[in-house]
Each structure stands twice: as C-alpha cells, then as structure tokens.
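When you get a sec, could you build the whole thing from the sequences and use the hints?
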Amino acid sequence: MSDLSLERAAPRGMIALRGDFDSLAGPCREITGADLPAPLGAAGEGRALLWMSPDELLLLCDPGDVGEVLARLGEALAAQHHLASDVSDARVVFTLRGPGVRDALARITPCDMRPGRFHVGQVRRTRLGQVAAAIRLTGDAAAEVYCFRSVGDYVERLLATALESANRERVAL
Amino acid sequence: MSTRLKAGGRRVDPGKPVTFRFNGRKLKGFAGDTLASALLANDQLLVGRSFKYHRPRGIVASGVEEPNALVNLGEGARLEPNARATTTELFDGLVARSQNHWPSLDFDVGAINARLSRLLPAGFYYKMFMHPRPFWKHVYEPFIRKSAGLGEAPTDADADTYEHYYAHVDVLIVGGGVAGLQAALAAGRAGRSVLLMEQGAHWGGRTPVDGGEIDGGDAAGWIDAAVRELEGLDNVQLRLRCMGAGVYDHGYVTGYERLMDHRPGAPGPRHRLWRVRAERIIVATGALERPLSFAGNDLPGVMLASAVRDYIVEYGVSTGDRTVLVTNNDDGYRTALAVLDAGLDVVAVLDARTSATGALPEQVRGRGVRVLTGKGVAKATGGKRLEAVHVCAQAGEGAVIETIPCECLAMSGGWSPVVHLWSHTGGKLSWDAERAFFRPDPDRAPTGADGEAVVDIAGAANGHLGLAAILEDAHRAGGGEGAPAPGTQPEEAPLHPVWMMPDNARIELREKMWLDFQNDVKVSDVRLAAQEGYESVEHTKRYTTLGMATDQGKLSNINGLAVLAQALDEDIPAVGTTTFRPPYTPISMGAITGDARGELFQPIRRTVLHEWHERRGAYWEPVGHWRRPYCYPEGGESHGEAVAREVKNTRQAVGMLDASTLGKIVVKGPDAGRFLDMLYTNMMSTLPVGRCRYGLMCSENGFLIDDGVVARLDDDTWLCHTTTGGSDRIHAHMEEWLQTEWWDWQVYTANLTEQYAQIAVVGPKARAVLEKLGGMDVSADALKFMDWRDGELGGQPVRVFRISFSGELSYEIATPAGRGRELWDRLFEAGAEFGVMPYGTEALHVMRAEKGFIMIGDETDGTVIPQDLGLGWAISKKKDDFLGKRAQERSHMTDPNRWQLVGLLTEDGSVLPDGAYIVEDGTNANGQRNVQGRVTSTYHSPTLGRGIAMALLHRGPARMGEVVEANKVDGGTVAAKVVSPVFYDPEGEKQNV
Numbered sequence: 001m002s003d004l005s006l007e008r009a010a011p012r013g014m015i016a017l018r019g020d021f022d023s024l025a026g027p028c029r030e031i032t033g034a035d036l037p038a039p040l041g042a043a044g045e046g047r048a049l050l051w052m053s054p055d056e057l058l059l060l061c062d063p064g065d066v067g068e069v070l071a072r073l074g075e076a077l078a079a080q081h082h083l084a085s086d087v088s089d090a091r092v093v094f095t096l097r098g099p100g101v102r103d104a105l106a107r108i109t110p111c112d113m114r115p116g117r118f119h120v121g122q123v124r125r126t127r128l129g130q131v132a133a134a135i136r137l138t139g140d141a142a143a144e145v146y147c148f149r150s151v152g153d154y155v156e157r158l159l160a161t162a163l164e165s166a167n168r169e170r171v172a173l
Numbered sequence: 001m002s003t004r005l006k007a008g009g010r011r012v013d014p015g016k017p018v019t020f021r022f023n024g025r026k027l028k029g030f031a032g033d034t035l036a037s038a039l040l041a042n043d044q045l046l047v048g049r050s051f052k053y054h055r056p057r058g059i060v061a062s063g064v065e066e067p068n069a070l071v072n073l074g075e076g077a078r079l080e081p082n083a084r085a086t087t088t089e090l091f092d093g094l095v096a097r098s099q100n101h102w103p104s105l106d107f108d109v110g111a112i113n114a115r116l117s118r119l120l121p122a123g124f125y126y127k128m129f130m131h132p133r134p135f136w137k138h139v140y141e142p143f144i145r146k147s148a149g150l151g152e153a154p155t156d157a158d159a160d161t162y163e164h165y166y167a168h169v170d171v172l173i174v175g176g177g178v179a180g181l182q183a184a185l186a187a188g189r190a191g192r193s194v195l196l197m198e199q200g201a202h203w204g205g206r207t208p209v210d211g212g213e214i215d216g217g218d219a220a221g222w223i224d225a226a227v228r229e230l231e232g233l234d235n236v237q238l239r240l241r242c243m244g245a246g247v248y249d250h251g252y253v254t255g256y257e258r259l260m261d262h263r264p265g266a267p268g269p270r271h272r273l274w275r276v277r278a279e280r281i282i283v284a285t286g287a288l289e290r291p292l293s294f295a296g297n298d299l300p301g302v303m304l305a306s307a308v309r310d311y312i313v314e315y316g317v318s319t320g321d322r323t324v325l326v327t328n329n330d331d332g333y334r335t336a337l338a339v340l341d342a343g344l345d346v347v348a349v350l351d352a353r354t355s356a357t358g359a360l361p362e363q364v365r366g367r368g369v370r371v372l373t374g375k376g377v378a379k380a381t382g383g384k385r386l387e388a389v390h391v392c393a394q395a396g397e398g399a400v401i402e403t404i405p406c407e408c409l410a411m412s413g414g415w416s417p418v419v420h421l422w423s424h425t426g427g428k429l430s431w432d433a434e435r436a437f438f439r440p441d442p443d444r445a446p447t448g449a450d451g452e453a454v455v456d457i458a459g460a461a462n463g464h465l466g467l468a469a470i471l472e473d474a475h476r477a478g479g480g481e482g483a484p485a486p487g488t489q490p491e492e493a494p495l496h497p498v499w500m501m502p503d504n505a506r507i508e509l510r511e512k513m514w515l516d517f518q519n520d521v522k523v524s525d526v527r528l529a530a531q532e533g534y535e536s537v538e539h540t541k542r543y544t545t546l547g548m549a550t551d552q553g554k555l556s557n558i559n560g561l562a563v564l565a566q567a568l569d570e571d572i573p574a575v576g577t578t579t580f581r582p583p584y585t586p587i588s589m590g591a592i593t594g595d596a597r598g599e600l601f602q603p604i605r606r607t608v609l610h611e612w613h614e615r616r617g618a619y620w621e622p623v624g625h626w627r628r629p630y631c632y633p634e635g636g637e638s639h640g641e642a643v644a645r646e647v648k649n650t651r652q653a654v655g656m657l658d659a660s661t662l663g664k665i666v667v668k669g670p671d672a673g674r675f676l677d678m679l680y681t682n683m684m685s686t687l688p689v690g691r692c693r694y695g696l697m698c699s700e701n702g703f704l705i706d707d708g709v710v711a712r713l714d715d716d717t718w719l720c721h722t723t724t725g726g727s728d729r730i731h732a733h734m735e736e737w738l739q740t741e742w743w744d745w746q747v748y749t750a751n752l753t754e755q756y757a758q759i760a761v762v763g764p765k766a767r768a769v770l771e772k773l774g775g776m777d778v779s780a781d782a783l784k785f786m787d788w789r790d791g792e793l794g795g796q797p798v799r800v801f802r803i804s805f806s807g808e809l810s811y812e813i814a815t816p817a818g819r820g821r822e823l824w825d826r827l828f829e830a831g832a833e834f835g836v837m838p839y840g841t842e843a844l845h846v847m848r849a850e851k852g853f854i855m856i857g858d859e860t861d862g863t864v865i866p867q868d869l870g871l872g873w874a875i876s877k878k879k880d881d882f883l884g885k886r887a888q889e890r891s892h893m894t895d896p897n898r899w900q901l902v903g904l905l906t907e908d909g910s911v912l913p914d915g916a917y918i919v920e921d922g923t924n925a926n927g928q929r930n931v932q933g934r935v936t937s938t939y940h941s942p943t944l945g946r947g948i949a950m951a952l953l954h955r956g957p958a959r960m961g962e963v964v965e966a967n968k969v970d971g972g973t974v975a976a977k978v979v980s981p982v983f984y985d986p987e988g989e990k991q992n993v
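Sequence order for the protein chains is A and B.
The first sequence runs 1 to 173 under full-length UniProt numbering.
The second sequence runs 1 to 993 under full-length UniProt numbering.
Derived from the structure by calculation, the hints contain no laboratory data.
From a predicted model like this one, the values you see are computed outputs, not experimental measurements.
Misleading hints may appear alongside valid ones.
What the hints assert, rightly or not - Selected chain B positions facing chain A (in silico; Cβ < 10 Å):
#  : residue
1  : MET1
2  : THR161
3  : ILE604
4  : ARG606
5  : HIS610
6  : GLY669
7  : ASP716
8  : GLN746
9  : GLN755
10 : TYR756
Stated by the list, open to error - Which chain B residues stay away from chain A? Per the calculated CB distances, all over 10 Å, these:
#  : residue
11 : SER355
12 : ARG439
13 : GLU535
14 : GLU538
15 : MET548
16 : ARG674
We put the beta carbon where it would ideally sit given N, CA and C, even for glycine.
In structure tokens:
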C-alpha cells in the first residue's frame, strides 16, 4: 500500500479575479508570465492562474506580493469592468502526496477522479464531504485541496480519514 | 431432520470448522457456510416467528428473498437486527438470536394470535382500532408496539466505521452470475471501463448448481476462466459482496458493499456505499423462484425447490431424508435430481401439469421416482416441522387422495425475473403469459438526459431462462461482437401457471395458504380485500400488508397480485405490479451515513477567534454552521447572570464581540449602484464614498429576507454586510438575479466573508481603547457615526466601520483573517484598563432589543414585510422599482389590519415566554382561543431591570398604552402594556458621541 501524506500548506497569496477573459489576458501574462488557462485548467509556475469559471480566475502569488499585484491589476484594468479581491486569508490549502491520491479523494468527492478525465494540472471546484472545495492535481501522485478557512479543521479531518482508508485499501483508482 | 452430508458442498471447507451460537446454543459449522446452511446442518429448522400470528417459521430460501430467517446478529455495539441468515456468511464466534417471540422461540405466547386468526383478517388494524378513540393511545398502541416489530433496536453506539466511494464508469453491471460475467467480458474486451458488482461472496450465480455446459465444458470451469480474464483487464473492476441497491436518474447507481460483515472487527470500514455515475447500466440480477400457494405452505420444512438443491450442492446440507417435490415446471425436477445424487429419497413428485414429458422429468422417472401429474398439495401438516404432505388433484377442491410422510417439501411455482433495478427509474414491464412472469419491455427502457435508454437488462432478469439465451443476451447487452460462448442445457417444457393449489380450494384451505410469510398475508386476505372493494394492487398491498415486510414481497408479490387478479376476474397485466423502490434489499444506516458521524457529523465553521472563545469558557450557540459564543460565564455564574454582566459592562464600560461571521459581499461595477437599488428597499446608489447605510432586502413577494449595513468603498464598489446565516444565501440571490434577469448589467460580486475577521468594540469607552492602540484618527469628527475608514491600528491594517447594533458608541473593525487573533489580543490588552470584557450573542440580542432593532428570523418569519416592522423609513419612495415593491402594494400588504411591531412591558415586570400569543376574547371554529398578535423577542433587560418584549400586534402602533394579555406556558395569561419598541435611549444619544 502506498503511503499517503497530508499537510496544511503555508499561507499563499490568492486573488480572485473576475472579468472578461480577453481583457484579463494581457495583465495576467505580464504578472504571472503565463497565458490564461483553458477551462478547468491551471497555468504558470510560481505565480499561477487557476480557472474558476468562464469569468473568474484565481491568481496565486507570494503572500507578500498581493498588494503589489493588486495595484498592478488595478492600473492595467482601470478602464475595464473587473473585480480583483484579496482572498488570501479566506481559504486554506492542503497538500496531498502519494500514489493513491485519486483513490483517497474518490471517497469524499463526487468529482470524476479518473486519470483520463481529470488530468494532472487541472482544477475542479467541487464538494468534499459536506463542504465546497477545489482540487488541483499537481502531479500523478500529488494534489492540492482548497477550502474555506472556517471549515479547515473539518476538511483536514475528512482528508485524513480518506487517506487512512486509501492507505489501507486502494479501491478503484 | 436436516443434517450435514458426508460429501458435497462446493462452498464449504470441512477442514475449517467454525463455532457459533444461536439462542445461546453452541453450534458447529464450516468456513463457507451461511448462517442458514449452518443452522440447517444442526437441524435448527425453526428460526423465528411470523409477524402477526407468531407462527413457527423455518428457512424457505437460500438467498436475498428469504422472508423468515431474520436474526438479531451480534451483540452490543455490533448488534444488527433483522439480519438475513441466508446471506450472512458464517464466521467463528458468530452470535445470533431469533426474533419476534416471547418468552422463547419454542414456546411463544403470541402464537395465540394464530388461533384468533379469524378475528384478525385483512385490514384488521383499520377496522379494529378506530373506536373508541381514547383506546388508541392507552390500549391499542402500547399493545401493538410490544407485540409487533421484528429485531431489537441496538442501544450501543455502532463500533464500526463506514465510507462512501464515488466511481465513474462507462459500464456498470449489476449481478455476477453468468450473464453479468458474459456482459463484463464483452464490454471489458471492447476496452470500456467496467464495474461489475455481485451481492454474494461468489461469482457465477446459481448456474453451477443448476448445471449445464458452457463452451463445451462445465459451467464452473467457464466461470473461473471468465473471472480470471476479467481480473487481468485493467479497465475492469470486480466487487464481490457488493449489491446494486438502487438505480436513479442520470445513470446514478448506489452499491452496497459489505466489507467486514464476514470478519467483524477487522480494520477498515464495515460497509461502503458506492455512488456510481455510469454511462450505461446493465442489470443482470437473475430471477427468483416463486413459492406455491397451498395450505400449510408456511411450515418449517417447506422450502423453495431451488433452495433445497442449493443447500445440498453448495453447502452439503440435507434438508431431510424424504423429500416431496411439488412443481408446475420442469426446472423443479433439478431439485429431485440433486436430492437423489446426494443419496437421499425423493418420495414423490407432484406436478400440477397434466403431463410432464420433458428431459428433466424423464430423467427423474428413469431413476425410479414416482411422478404424479395433475396433482398438487391439498395441505402440508405438522407442528414446528413438516410431517406429511396430503396429495390432491390440482383441478379439484382439495380432497385428499394420499398422505405422504416426509421431512422436506420442495416447491417450485416457476421463476420471476428480478426486474427491480430496471424498474427503479421508470423501466416498464410487460406480462409474458406463456412463462407467467413480468419481463422488461425493451421499448420502454429507463432513459437518460438524451432520451436514449440508459439501463439495459440481460439474462434471466430479462426473461431468458435457458443458458444459451442468457449468454447471448448478456453478450448483446455488453456490446459484444460475433457470438458468445455457447451454452447447453436440457430443453424444458412450458410451465403451467398455478396461483392457488388446488384450483378450487375451499375457504378452510385458503385461510392456510401463505402469500407473505413474514407479514402473515394469506390468499384469503387478498380475496377478502378484493371482496371489500380493493381493486388497485397498491391499495391492496397497504390494506393487507402484502409485500410490506423486510423482504419487500420478493416471494409474495407476483403470487399475491395473481390472486387479486383472479378474485377481481381481471387479467394479471390489468392489475399490474406494485412499485419497485430502492434499495433492492435493506442497506445499513451506517452505509448511508458514511463518514458523517462523530467529529465529521457536520462541518462546524470556526472563526479565527474560536480557540480564544473556547479557552475563555464560552457557552456556544449554533448560528448557521458556525458556533458563536452565547455568553462567557465566569466563576459559578448562570448563563443569565453572565449575559446580564456582559450587557451592563458593555453599556457602562466597553465590550468586545466576535462579529466575523457576518456576511461580507463586495459588489462592483458600472451598474453596481443600480443593482443595489433594485436589491435593497432603500437607495444605495446615493451613498457617499466613506459612508455606511442600513438596508433591507426583500424577496419579490415583498417579504423581508435580510438586512445589514452597506458601505460604499469607492465610485463603483460597495460592501454589503449580511446576517450570519444569510451570507451564502444572499450571495446566491445576487448571482441569480445577475445571471438570469440582469445578465447584461456590468456587476461582479465576491463573497469575502471569510477573508476578514471582524471585531466589534462597543461601549462608552470604545474610543479610548482604539486610541490607546493608535494609528488612525477615530475621533467623533474624523470618524462620524456611520462613517468607515481604512487605516492602521497598532500597526495592523484595518477597516473601521462606525456602526452600532447596541445603541452604544461602537466600532466594527475588519482585518485580514490571518491577523484577526493578533488584533483581538491587542484590543483586549488595550481595553484592560477600561474594563473590557467579551460579550456573546445573547448580550448582543438583549442590547439590540433594548434599542428596538429587529433581528431577521426573530421579528421576521417569511411572512413579514418591512412596513409591519415600522421600517417604512427604510423604503425609498423615489425609486421606480426594487425587489418586493410591487408585492408590497397588493391589498393584503397595505391592509391596516396587519399585525405590526410594538414593544410590550409586562405589568408585573416579568419576562414573557418566547413565542407567546397575545390573546383575544372568544374562540375560533376549532375551539381555540382567538389571538391578535404574537411575541417575537422577549428578554430580561439588565439595563432596565425588567422584562421587555417585541411583538407583532393587530394594528399595534395605533394602540399605544393599551393593556393586552399574553399567554403563558402554564395556561394562564399575563398583562402587558403596549409601548414603543425602543426601550432605551430613544433619541440615539449614546451611539452618536
């Protein structure tokens, strides 16, 4: 059996960015060095863009850079209707590692975790247990889970329970 | 006597003996036994008592259809009532107790009911328990509760864990018999992802017992090879002990996997609920044998023919030295052959058909067995076990021709396809008159979102009973190309449907013909129901309780509706079946719950200050999914004393409240002002930057749904505070209007509730506390009442709102959640010299009530409009429109007779009961006291030293000074004077300093 591990990730800068993707593309490329991700996708190393919906991105950066990034976005998009909000403190992120990571998550999310359907690098906004969450597959055996800060303890315990079960028995994935 | 045979038993391992206990007796079985086979091996024929008459009951079947052999399985924290012995795998140390008898299984007082059966006919409960009315509560109900019910409810907390598993597959196949295996081979070889579920612990279903050849070899060999091949396919997932429980819309299927029932206490979840989304579902659930309806068919020793041969072949268990077979079809003869092969006696075969010349009957005749055609059972007799079978002509009335002593009577009334899962989500059936069963109608399959069939059904479940046809059908369903492995079996002659034995049985016999063994429903009951006017099968089911037992009519359904059809002189398809509903067999509550128990029962939302509150000894109040401190008792304080102290301290010095749970939704865009003007009853577009305004939100029906303070952050950005419980709901409300109605308006919203911790510093010394921390100007001039400013306090970034829900000088300070605890600690430290204390939600409630501020959910209940609450000032007259405006102009809403908000002061100073009515003279048509209003909030006010209340009263504001009567819990009333709802500082001087 694989050994799955779970840890609460260090705080990171997160900016919820809503707007018309055509107008967001330029400033986002300048700030992150990446093109906008395709639907359900993610783009960029270090500073990254996660696709949240047809008009929303989550921009990840160093927590210390949030102010500067927000200012640059505000300047570049001054003439465009958009909304950029600092949500760094609204969420917590968990890091999961181990080859059974898909199998563990399949115990608590209705999201299709099959390798052919959920590719490495993609992001899904879904449900974990009884709360909303997002899953980002960062590797074949690694994932990040984003959830609201207030339910961080619940999600941590939920993930631990699922990982423990997947450590004991790989079921289908 | 039933006993273990020296040889045979494919599934059991005589090298591995197992001991278990039944009703305290220590018994022996083998690994591979079911509890039922092990009980039979120990001659434990009597396993329970029936529900109504407490008749002795024996094992009838060998699978999920078993109605009788239900036991209390396990003990203490692992007690499971109504466990089916036929599907319970035996393990060392198993403990089982029989059910539904008192004082003992062998001697049961309730059996007196059987003597009284004439007095307990169909619909007895409905007829008997109507009158006299008081008898229901004091006589009937306690009596019924004691005598009814099967297993014991466990009293200990469940020791096991459970989990869910979400699977997504191309093809889900339910049933691991030869049909399921063949379908899986076809789909798996084609490269589709396949999940194959089998409810039992073995692959291949009943084919190894029933015989036949596949691909030129014996069926068992083919099954092993098929399983090996499937195990080798990466795209195929095989699950044993996993029942397809229910089929729902959109290819959703639940599966019930029993992981630990056969090895309790092993690490890991006991049950797993599979929640599967399948593009295609193939139901390969086989068929179930039907019993025959003859007098005495419920005696222990009367069994399904298929079960008799299962026990011999699979478990090496004899169900009696002398067996009589009664059948209406060729398949039943397989049992005669199995009995003979085991070296036991088949005394006679009673075949209801006038001739029996098929290959199987001929084989049986060839082995010297007497086959009596055109004959049936007039009655089976015995006490706690079968003693003799009395033979009669099937065409007659039941005159006994011959009496045959025997221990076992194997009955076969033909087979019914297991169409349950096909029918769960709307698959229709048609009646196959030739074979006398309902079969799936392929033209009326359950359809998916695209209108195409999403469920397919194959094999015996699809009405194919021959091996060759089963394999071909499964191969087709699995999408296989070419031809499947050929199956060969002896040809079978058609059956002759028999719904009652004999055809013209008299009433004395009909009263002893059981249809539903568990619920004691007999042929006579169904006929009585028909006679009393019950025509619908659904009504008859409920009137007679036919098919309402834990087996859900698996044995009784078709026989029962055939009897009903006969009684009504209708065709069987005209009567139809009852509705098949999931789950196929009962599944555990634990499996449904999954991991949602203990600490994961419900997510609890915690603010960043939760730990601080906890350490301070907070008494919690659930608010939405949050826990908020209700109060912080100190020393030996009662909650009431703590609240009073917190109120006084806040009003006289300074208090701190964790307000982080309040909703915070940012709304931005060129059309944001216009949008908010539509959402709130008052004007938000005119709010100056840097200012706050209290606003009300109504539904389009005019009723208040939320309130809160809105701050204008810049030219095109507003921050809307919602109630704690309202943040998600109001955010969704905004998005719904934006996405469906005003999709072309340029507005974005974001729910930032969790981004910020928010701390209220409240009381006459609040400013001093903030000034001590320093960093921004919070003076009365720089930060006026209803202003907000960004700045720093103690070097920490903050946004300070000067708003008040208490009537005191008050600041609400927001800071990023990650630094919320730091800010709280600093403020608390700075406040020490000013006497700062934390206060909870109850103090907040008391203070707002003292000020006459409404609370959503207290003063509102979904039927209240702002005008009822004296909030007309917050409804813009200038706006052309807002959500709720038109509704509030309807005649009922403008009626001056509505109940409206007032304050109440009891004449004696007491606190009115929560939810008290304000009574009026006289009574209504139901003899209830007339009412003219109700109390919406009621508290002891520590500030005023007396009870205060807010109430909605008929024409309330016009009745100031009047004294009304509010009712009390003890039945009396208390006098209260109608006053203004603002009890404290009506001029608002305290908050504006």
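Query raised in the report: Taking C-beta pairs only, is GLU535(B) more than 10 Å away from all of chain A?
Result: Non-interface label stands for GLU535(B): nearest chain A Cβ at 43 Å, farther than 10 Å.
Requested in this report: Could you let me know if the closest chain A CB is still more than 10 Å away from the CB of ARG674(B)?
Outcome: 13 Å, holds
Query raised in the report: Is the shortest C-beta separation between ILE604(B) and chain A less than 10 Å?
Result: 7 Å, holds
**Report entry** Interface hint compliance - GLY669(B) to chain A, C-beta minimum distance less than 10 Å
**Finding:** Given a least distance of 5 Å, the restraint on GLY669(B) holds.
Requested in this report: Mind verifying the non-interface call on GLU538(B)? Its CB should be farther than 10 Å from each CB in chain A.
Outcome: 34 Å, holds
**Report entry** GLN755(B) as an interface hint toward chain A, with CB separation required under 10 Å
**Finding:** Constraint on GLN755(B) satisfied, holds at 4 Å.
Query raised in the report: For MET548(B), is the shortest beta carbon distance to chain A beyond 10 Å?
Result: MET548(B) clear of chain A: closest Cβ-Cβ about 33 Å, beyond 10 Å.
Requested in this report: Go through the hint on THR161(B) and say holds or violated, using the shortest Cβ distance to chain A against 10 Å.
Outcome: Interface hint status for THR161(B): holds (8 Å vs cutoff 10 Å).
**Report entry** Distal placement of SER355(B) relative to chain A, Cβ over 10 Å
**Finding:** 53 Å, holds
Report task. Under 10 Å, Cβ to Cβ, is where MET1(B) needs to be relative to chain A, so tell me if that hint holds or is violated. Result -> Constraint on MET1(B) not satisfied, violated at 43 Å.
Requested in this report: Would you check whether GLN746(B) satisfies its interface hint, that is, whether its CB is within less than 10 Å of any CB in chain A?
Outcome: With a closest approach of 5 Å, the GLN746(B) hint holds.
Report task. Run the C-beta distances from ARG439(B) to all of chain A and say if the shortest one exceeds 10 Å. Result -> The claim holds: ARG439(B) sits with its nearest Cβ about 33 Å from chain A, beyond 10 Å.
The structure shown violates just one earlier hint, number 1.
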